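Colleague: Residue numbers (our numbering), protein chains in the order written: chain G, 1 to 295; chain L, 296 to 657; chain Y, 658 to 934.
Accuracy of the hints is not assured; some may be wrong.
Stated by the list, open to error - Below 25 Å or equal to it, Euclidean Cα-Cα: the simulated DSS-like pairs (lysine-lysine) are:
| id | chain 1 | residue 1 | chain 2 | residue 2 |
| --- | --- | --- | --- | --- |
| 1 | L | K649 | L | K634 |
| 2 | L | K627 | L | K612 |
| 3 | L | K634 | L | K615 |
| 4 | Y | K735 | Y | K859 |
| 5 | L | K644 | L | K604 |
| 6 | Y | K915 | G | K278 |
| 7 | G | K278 | Y | K735 |
| 8 | L | K564 | G | K101 |
| 9 | L | K408 | L | K490 |
| 10 | Y | K859 | Y | K758 |
| 11 | L | K615 | L | K644 |
| 12 | Y | K735 | G | K280 |
| 13 | L | K604 | L | K615 |
| 14 | G | K280 | Y | K758 |
| 15 | L | K408 | L | K397 |
| 16 | Y | K735 | G | K283 |
| 17 | L | K634 | L | K471 |
| 18 | L | K627 | L | K615 |
Said to hold, decoys possible - Rough simulated footprint, nothing fancy, chain G against chain L, three-plus residues with beta-carbon under 8 Å:
| id | stretch |
| --- | --- |
| 19 | 355-367 |
| 20 | 555-565 |
| 21 | 580-586 |
| 22 | 589-595 |
| 23 | 620-627 |
Stated by the list, open to error - Some chain L residues close to chain G (C-beta under 8 Å, calculated; not the full set):
| id | residue |
| --- | --- |
| 24 | I548 |
| 25 | N552 |
| 26 | R577 |
| 27 | A600 |
Please keep in mind that the hints were generated in silico from the structure rather than gathered at the bench. Computed from a predicted structure; not experimentally measured. Where is the CB? At the ideal position from N, CA and C, for every residue including glycine.
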Amino acid sequence: MQHRKLIGYIGSLLLALLFLCPRVSAQTDPTGEWDNRFHEDEPERIPGPEIGDYLGIPINDAARLRADTWTATLLELPENQCRPHPSDYSWRGPALLRIWKDIDPATQDVIAYHTHISWQAPEQTIWMDGRPHPPDYAPHTWQGFSTGKWEGDILAITTDHLKEGWMRRNGIPRSDRSTVSTHIMRHGNYLTVAVVIYDPAYLTEPFIRTTDFAYNPQQRMAPYPCEAVNEGGRPEGVVPAHLPGTNSFLTEFPANFGIPPEAARGGAETMYPEYIAKMKNMKTLPRPNGKHSDR
Amino acid sequence: MTRTMPQTRNAKLRGVTGALLVILSVAIAYAQPGYPQGNSDRGSSAAAQTNAPQAASPSEVHVMHVQGKVYVIVGAGGNITAQVGDDGVLLVDSGLVSMSDKVVAAVRSITDKPIRYIINTHIHPDHVGGNEAISQQGSTIAGGNVVGDIGASASQGATIVAFQSILDRMSAQDGKDKAPQKAWPTDTYDGPEKKLFFNGEAIEVIHEPFAHTDGDSIVFFRRSDVVSTGDILTLAGYPIIDVERGGTIQGIIHGLNRLVYQITIPAEKQEGGTMVIPGHGRICDQADVVYYQEMVIIIRDRIQAMIDKGMTVDEVKEAKPTRDYDPLYASKGFWNPDKFVATIYQNLKDQHEKDQHPKAQQ
Amino acid sequence: MKADRTLRKISGVGGLATFALVILLANAGVNARSQAAGGAAQTPGAPTPRALAPLDLTGYWVSVVTEDWRFRMIVPDKGDYSSVPLNPEGRKVLNSWDPAKDQSEGNQCRSYGAAGLLRIPGRLHIQWENDSTLRVDTDSGSQTRLLHFAAANPPVQAPQWQGYSLVSWEGLRPPPPRTALQDASQVNSPEGYLKAITTHMKPGYLRKNGVPYSANAVLEEYFDSFKELNGDVWLVVTSVVTDPEYLTQPFITSTHFKKLPSASGWDPTPCRANEPR
Numbered sequence: 001m002q003h004r005k006l007i008g009y010i011g012s013l014l015l016a017l018l019f020l021c022p023r024v025s026a027q028t029d030p031t032g033e034w035d036n037r038f039h040e041d042e043p044e045r046i047p048g049p050e051i052g053d054y055l056g057i058p059i060n061d062a063a064r065l066r067a068d069t070w071t072a073t074l075l076e077l078p079e080n081q082c083r084p085h086p087s088d089y090s091w092r093g094p095a096l097l098r099i100w101k102d103i104d105p106a107t108q109d110v111i112a113y114h115t116h117i118s119w120q121a122p123e124q125t126i127w128m129d130g131r132p133h134p135p136d137y138a139p140h141t142w143q144g145f146s147t148g149k150w151e152g153d154i155l156a157i158t159t160d161h162l163k164e165g166w167m168r169r170n171g172i173p174r175s176d177r178s179t180v181s182t183h184i185m186r187h188g189n190y191l192t193v194a195v196v197i198y199d200p201a202y203l204t205e206p207f208i209r210t211t212d213f214a215y216n217p218q219q220r221m222a223p224y225p226c227e228a229v230n231e232g233g234r235p236e237g238v239v240p241a242h243l244p245g246t247n248s249f250l251t252e253f254p255a256n257f258g259i260p261p262e263a264a265r266g267g268a269e270t271m272y273p274e275y276i277a278k279m280k281n282m283k284t285l286p287r288p289n290g291k292h293s294d295r
Numbered sequence: 296m297t298r299t300m301p302q303t304r305n306a307k308l309r310g311v312t313g314a315l316l317v318i319l320s321v322a323i324a325y326a327q328p329g330y331p332q333g334n335s336d337r338g339s340s341a342a343a344q345t346n347a348p349q350a351a352s353p354s355e356v357h358v359m360h361v362q363g364k365v366y367v368i369v370g371a372g373g374n375i376t377a378q379v380g381d382d383g384v385l386l387v388d389s390g391l392v393s394m395s396d397k398v399v400a401a402v403r404s405i406t407d408k409p410i411r412y413i414i415n416t417h418i419h420p421d422h423v424g425g426n427e428a429i430s431q432q433g434s435t436i437a438g439g440n441v442v443g444d445i446g447a448s449a450s451q452g453a454t455i456v457a458f459q460s461i462l463d464r465m466s467a468q469d470g471k472d473k474a475p476q477k478a479w480p481t482d483t484y485d486g487p488e489k490k491l492f493f494n495g496e497a498i499e500v501i502h503e504p505f506a507h508t509d510g511d512s513i514v515f516f517r518r519s520d521v522v523s524t525g526d527i528l529t530l531a532g533y534p535i536i537d538v539e540r541g542g543t544i545q546g547i548i549h550g551l552n553r554l555v556y557q558i559t560i561p562a563e564k565q566e567g568g569t570m571v572i573p574g575h576g577r578i579c580d581q582a583d584v585v586y587y588q589e590m591v592i593i594i595r596d597r598i599q600a601m602i603d604k605g606m607t608v609d610e611v612k613e614a615k616p617t618r619d620y621d622p623l624y625a626s627k628g629f630w631n632p633d634k635f636v637a638t639i640y641q642n643l644k645d646q647h648e649k650d651q652h653p654k655a656q657q
Numbered sequence: 658m659k660a661d662r663t664l665r666k667i668s669g670v671g672g673l674a675t676f677a678l679v680i681l682l683a684n685a686g687v688n689a690r691s692q693a694a695g696g697a698a699q700t701p702g703a704p705t706p707r708a709l710a711p712l713d714l715t716g717y718w719v720s721v722v723t724e725d726w727r728f729r730m731i732v733p734d735k736g737d738y739s740s741v742p743l744n745p746e747g748r749k750v751l752n753s754w755d756p757a758k759d760q761s762e763g764n765q766c767r768s769y770g771a772a773g774l775l776r777i778p779g780r781l782h783i784q785w786e787n788d789s790t791l792r793v794d795t796d797s798g799s800q801t802r803l804l805h806f807a808a809a810n811p812p813v814q815a816p817q818w819q820g821y822s823l824v825s826w827e828g829l830r831p832p833p834p835r836t837a838l839q840d841a842s843q844v845n846s847p848e849g850y851l852k853a854i855t856t857h858m859k860p861g862y863l864r865k866n867g868v869p870y871s872a873n874a875v876l877e878e879y880f881d882s883f884k885e886l887n888g889d890v891w892l893v894v895t896s897v898v899t900d901p902e903y904l905t906q907p908f909i910t911s912t913h914f915k916k917l918p919s920a921s922g923w924d925p926t927p928c929r930a931n932e933p934r
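Using the sequences provided together with the hints, build the complete structure.
Modeller: See below:
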């Protein structure tokens, strides 16, 4: 009888302990359906950036020339029509986001996270199981090879083995030599994704952008098949491009918005507050049609 | 004794209860605040290096499966393609002479089947250096009157396939490409292509005239859907135009165009599908070839425009028409951007001359 | 028999009492943590918000303007509200923007209010004002925001440009144990971020060209920090402005700052109605 009493106490203690045990893996779960929010850079991200707008990107001269000589006509070529956004840019594009995870059934550890973007339907895999990155001679892909780990409640991802891509959709390249660092932060129904690009070929310092999403469990994504077609008129082997120094469209953007053309050329210093004072000594171009700013 | 037994059992239960109380105390302590304060060092660059990409060591050879029956062997000079199956092994190129043993060891890591074929994409030593040593470790399937005439040695050594000009250069007594006889191609072609069927798939050996050299072959494995390009495509640098051996920029562009428009077909979203093994550099696909093709054509167009303006070769070099691609492809070695630009300049001038005076070229 | 029944009753009651005692003790620990994390008056002896901080937001930070450049590094054109989900009433107010009038009427700080302040390029200095208040100074506009962990001083004062900010550490958890997939060198960090709710703001501007927010706007912010591959430390502030008077939906932006080793470059400016900072 006495030991039954004691068993009762022990049972109560065990039951209480169950209420107290914390979850072993407590990081914030980024999975779900996420609706993009274009409350920053909407003109650039939806209709597209202006030709010659290199503001706020720490590009070097080589990148500048690539962009100066780029033409959107290049995207008409059948071999370029179905390119998806690479994984460093796809968060920015006009697209919805889905994140899901693979779980090891035995250990319940997350093996990988996956992302799917609605535009062109690229999917990125983020390996959480500590596997090494492939060797230099392995193929590069649009989404690259990604591994992730938790830093507190922030999912930190390192991506390499990317195909050449773009930092802005007006010809500013992101080379295939790049490493991309991504941090995903969830706050309830909001997701913020910070992407930092390290490009030894085209950047003078790392380039960061942060993009926001809102949880939308009712979101539905349509499939996005793509088949290249020959829209005719251009022989094979002709590559549309501006010759250096001949792109006459480069000054339209700074003129339209009252920005010094020198600033529009971009570079690291254009990212910092000190540049505001420097711009005071720069000339701007006349506004088209004589329009002047009301400011 | 009766009184002792319940007391002993109760003592044990009290002991267990006491232990559980200790556990409970620890649990409550764990639920209390006071864990270490976070700091701005959240994240560690050291941890980020744990999964750093592996670079191939310069003296090591590595094998990677590409697709279907095709593998690539890297690190032996130029990339070597290995097609492997029940019929044996077919190699595209044989690497540097000094790496032959390692190449054979790499093949043996995949299969113990004999090496039956070596196909040379062009004559340079980093692609044909292993011809003799590696072919001698292989064997050819021979029979009929060939064996009757030659004897058992007809089967000795793998068949070496190449465009005719490679044999001409290797066998020329006073040529700078003179090579030991056992390194010479044993099966040549001089038309647009040679066809093989091996390990259950059709293989096209396609001649690309006057590209990297005058003896280039592109090798296309139709069922594995892999193409070996030789040095018409080298992701590691600007394409080398070996003028002394008949190379031209026009041929390079023609070869790249052939890869883009006729041979490679991507799977979904411009990725995968036909896999491409370049002469040097990583395994790639059509999208990577397109980037490279566009680069070569754009640079050619720039130089042509400067020629049309009457600029001299030095003026063209000074204008640096490759400077936006130099971070990706420029070499500090002999094939630097100035050399690349000057060669294209001369090729274009020579082509213009030919076009203007076709009869004079005959 | 009667003694046995009594004993059974007592053991049943005792078991329940033990269970209840344990839960009460545990909740006492949880309550102490949440009080210290913010959102309720501090009880003596409980760890302070400063002691509980899972990340270090203090120091000097500089804006790195890689997004919305032409809306932040220059005063954008009048009437340009690209990217902002402004409703017709908001557009009416936008189109009546008059910076000279704002300056002359003493409203030159209107674009430096809490809902738009961090979007103005400049430097921040974040420090602990005391163990339960974070202070954020900006050199642009020379503004100060106080982020209060405890509601010891409830917002009964008149609206201010910076409003009243109540903050809490959210998602606080100690570092999780290493999983089988992590190698032995990995050190897990504690979890948590700073959440701020700001109300009682005077009507202000989301942008320098008069994109408005009303006195009823609520500003919700999340402060995170992480270290990059190259050692740079970043602060990311995700802001959500809810203002049914002028906005069709919550306006969400994320602003990033790089940590600086010192105050070098600190360049205080006064409020100016028609300058970018």
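Colleague: Confirm or reject each hint.
Modeller: Going down the list of hints, with the structure as the test:
no.	hint	verdict
1	L:K649 to L:K634	holds (22 Å)
2	L:K627 to L:K612	holds (15 Å)
3	L:K634 to L:K615	holds (11 Å)
4	Y:K735 to Y:K859	holds (21 Å)
5	L:K644 to L:K604	holds (13 Å)
6	Y:K915 to G:K278	holds (21 Å)
7	G:K278 to Y:K735	holds (23 Å)
8	L:K564 to G:K101	holds (23 Å)
9	L:K408 to L:K490	holds (22 Å)
10	Y:K859 to Y:K758	holds (17 Å)
11	L:K615 to L:K644	holds (18 Å)
12	Y:K735 to G:K280	holds (19 Å)
13	L:K604 to L:K615	holds (15 Å)
14	G:K280 to Y:K758	holds (23 Å)
15	L:K408 to L:K397	holds (16 Å)
16	Y:K735 to G:K283	holds (20 Å)
17	L:K634 to L:K471	holds (22 Å)
18	L:K627 to L:K615	holds (15 Å)
19	355-367	holds (count 3)
20	555-565	holds (count 6)
21	580-586	holds (count 6)
22	589-595	holds (count 3)
23	620-627	holds (count 4)
24	I548	holds (7 Å)
25	N552	holds (5 Å)
26	R577	holds (5 Å)
27	A600	holds (5 Å)
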